[in-house]
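**Q** Turn these sequences into a full structure, and let the hints guide you.
The residues making up each chain are set out below.
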Amino acid sequence: MKKLLEIKNLSAGYDDNVVLENVSMEVYSGDFIGLIGPNGGGKTTLIKTILGLIKPISGELILHISKTNIGYLPQVNQIDKRFPITVIDVVRSGKADSALFSSFRKNTEEKEKAESLLAEMGISAIRNKPIGELSGGQMQRVFLCRALMNEPELLVLDEPSTYVDNNFEGELYLKLKELNEQMAILLISHDVGTISFFVKTIACVNRNLHYHPSNIISEEQLASYNCPLQIITHGNIPHTVLKLHDEHDHHEHTH
Amino acid sequence: MNILIELFTYDFFVNAFLASLLAAISCGIIGTYIVSRRIVFISGGITHASFGGIGMGYYLGINPLVGAGIFSILSGMGIQLFSSKGKVREDSSIAIWWSLGMAIGIIFVYLTPGYAPNLMSYLFGSILTVSTGELWLMLALAVIIILFFTFFYRTILYISFDEDFAKTSDLPVNLFNYLLMILISLTIVLNIRVVGIILILSLLTIPQATANVLTREFGRMMVYSVGFAFLASFIGLLISYSADIPSGATIIFTQVLLFGLVKLIKMLSSSRK
Numbered sequence: 328m329k330k331l332l333e334i335k336n337l338s339a340g341y342d343d344n345v346v347l348e349n350v351s352m353e354v355y356s357g358d359f360i361g362l363i364g365p366n367g368g369g370k371t372t373l374i375k376t377i378l379g380l381i382k383p384i385s386g387e388l389i390l391h392i393s394k395t396n397i398g399y400l401p402q403v404n405q406i407d408k409r410f411p412i413t414v415i416d417v418v419r420s421g422k423a424d425s426a427l428f429s430s431f432r433k434n435t436e437e438k439e440k441a442e443s444l445l446a447e448m449g450i451s452a453i454r455n456k457p458i459g460e461l462s463g464g465q466m467q468r469v470f471l472c473r474a475l476m477n478e479p480e481l482l483v484l485d486e487p488s489t490y491v492d493n494n495f496e497g498e499l500y501l502k503l504k505e506l507n508e509q510m511a512i513l514l515i516s517h518d519v520g521t522i523s524f525f526v527k528t529i530a531c532v533n534r535n536l537h538y539h540p541s542n543i544i545s546e547e548q549l550a551s552y553n554c555p556l557q558i559i560t561h562g563n564i565p566h567t568v569l570k571l572h573d574e575h576d577h578h579e580h581t582h
Numbered sequence: 098m099n100i101l102i103e104l105f106t107y108d109f110f111v112n113a114f115l116a117s118l119l120a121a122i123s124c125g126i127i128g129t130y131i132v133s134r135r136i137v138f139i140s141g142g143i144t145h146a147s148f149g150g151i152g153m154g155y156y157l158g159i160n161p162l163v164g165a166g167i168f169s170i171l172s173g174m175g176i177q178l179f180s181s182k183g184k185v186r187e188d189s190s191i192a193i194w195w196s197l198g199m200a201i202g203i204i205f206v207y208l209t210p211g212y213a214p215n216l217m218s219y220l221f222g223s224i225l226t227v228s229t230g231e232l233w234l235m236l237a238l239a240v241i242i243i244l245f246f247t248f249f250y251r252t253i254l255y256i257s258f259d260e261d262f263a264k265t266s267d268l269p270v271n272l273f274n275y276l277l278m279i280l281i282s283l284t285i286v287l288n289i290r291v292v293g294i295i296l297i298l299s300l301l302t303i304p305q306a307t308a309n310v311l312t313r314e315f316g317r318m319m320v321y322s323v324g325f326a327f328l329a330s331f332i333g334l335l336i337s338y339s340a341d342i343p344s345g346a347t348i349i350f351t352q353v354l355l356f357g358l359v360k361l362i363k364m365l366s367s368s369r370k
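Protein chains in written order, with the working numbering: chain Y, 328 to 582; chain U, 98 to 370.
These are computed hints drawn from the structure, not numbers from a lab.
Do not rely on the hints blindly, as some may be mistaken.
[Stated by the list, open to error] DSS-like cross-link-like pairs, simulated, lysine-lysine; straight-line CA separation at most 30 Å:
#1 K335(Y) <-> K504(Y)
#2 K264(U) <-> K335(Y)
#3 K264(U) <-> K456(Y)
#4 K504(Y) <-> K394(Y)
#5 K502(Y) <-> K264(U)
#6 K527(Y) <-> K335(Y)
**A** Below, the structure written as structure tokens:
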């Protein structure tokens, strides 16, 4: 197994506000890690540090792969949905390192790659639509295509299941499982019940990071990790409930 | 029609015609960038801050547009600096530079002995008095902008759409932000004579709003914006000349009418479907 990146005693945050403290972690090829934790616990800060968007306050981030070899799917609410851009251009922007001077090249390979990804996700029909006209599920598919343009060795996804219907959520996770055969995946989700069905390991981020070497995690473990979570279980999506408790279709626990 | 041909025999009218064409090119393209990236308010700040340079130009006896250029570039940088390093909220930072520039301008115009010639034309524009020298500068700017946006079309598009993602792809995001800020400043300064400081924001936003009714694709929006900006400027120019009313205000009024017309047509045609 190839080591893709390592984080050593890393602290990070915004201005004077430390969000992550003394976090260490390693990611290997073949990994499928679910990052869980409460809102404001530092999940997004962690991946933004990995992507180089936030400079660490202290500690080290060592990438063993090139930065452009990390595919990134940001939170959908970070995207300006009224921006005048079409689906095909969003996808092609995934190969942005070839964008400089691209006006004078044919870019055939890049265009073909984009088209084949759109076809693979079943959204070729919307290739010329402005992104503002897409549904939540279509939008996430487009951003997944963009993240895959560079054929990354590591795919980082920040809440890819927000604003999507249950059908697509299931489909998305199956797709990720398939992609995991070619690349490592780091997935942020608020929905620990659903992701634990698909991921191989779980890391709980709440100012600190606790790495849990399997995808089954109990409430007691979560509590001992100091990882308060709201857990919602849905009707039809396959999911592992943390531990057996008395089940209703839609319920919520706060720890 | 004969009157129109006759108008083109006047040098001042030919100049005004060329000014409206060149203004449409620079404002159409730069305005699309500004609107798409939602930095209209920053652009308003830069525009008004440039008045400080006009006042200083009068006081020091240099070309007010040179002063305006310096002030607009500095304020563009200043706004970014205040909000990124000084931890001032961005909209507050814009307001500070906006009003500081205006204040400096007013003080220096007051201190300038005698009468400040053409002051009103800087505030409200005067397309009929644009000089040949200014036209050459506007032409140079239009060419630079066309080349820059053609060469780096995708880079600009990707950075504008999702700056964070562009950074993860190793695009030179900061360099481009900086270069585009300079182009915005130059566009504003060189078009001050056309519609004036008070009204220039309209050339950077209304044609784009009109274009946006018809397209939601960055490149097309630029081309349509240039077209609408030129159409409205030329019609506005004709109306202002024949009715003998201020050109800048008439051009803006025509821009808004054109927007309303296109919007109406679009609404009627889509309701018929």
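**Q** Look at each hint and say if it fits the structure.
**A** Okay, the hints, checked on the actual structure:
Between K335(Y) and K504(Y), the direct Cα distance comes to roughly 28 Å. Compliance with the 30 Å bound is thereby established for this hinted pair. Between K264(U) and K335(Y), the direct Cα distance comes to roughly 23 Å. Compliance with the 30 Å bound is thereby established for this hinted pair. For the hint pairing K264(U) with K456(Y), the CA-to-CA distance comes to about 25 Å; that is within 30 Å, so the pair holds. A distance of roughly 23 Å separates the Cα atoms of K504(Y) and K394(Y); the hinted pair therefore holds under the 30 Å criterion.
Taken as a hint, the K502(Y) and K264(U) pair is honoured in the structure, with Cα atoms around 26 Å apart against an allowance of 30 Å. This hinted pair checks out: K527(Y) and K335(Y) have alpha carbons roughly 22 Å apart, not beyond 30 Å.
Checked against the numbered hints above, the structure breaks none of them.
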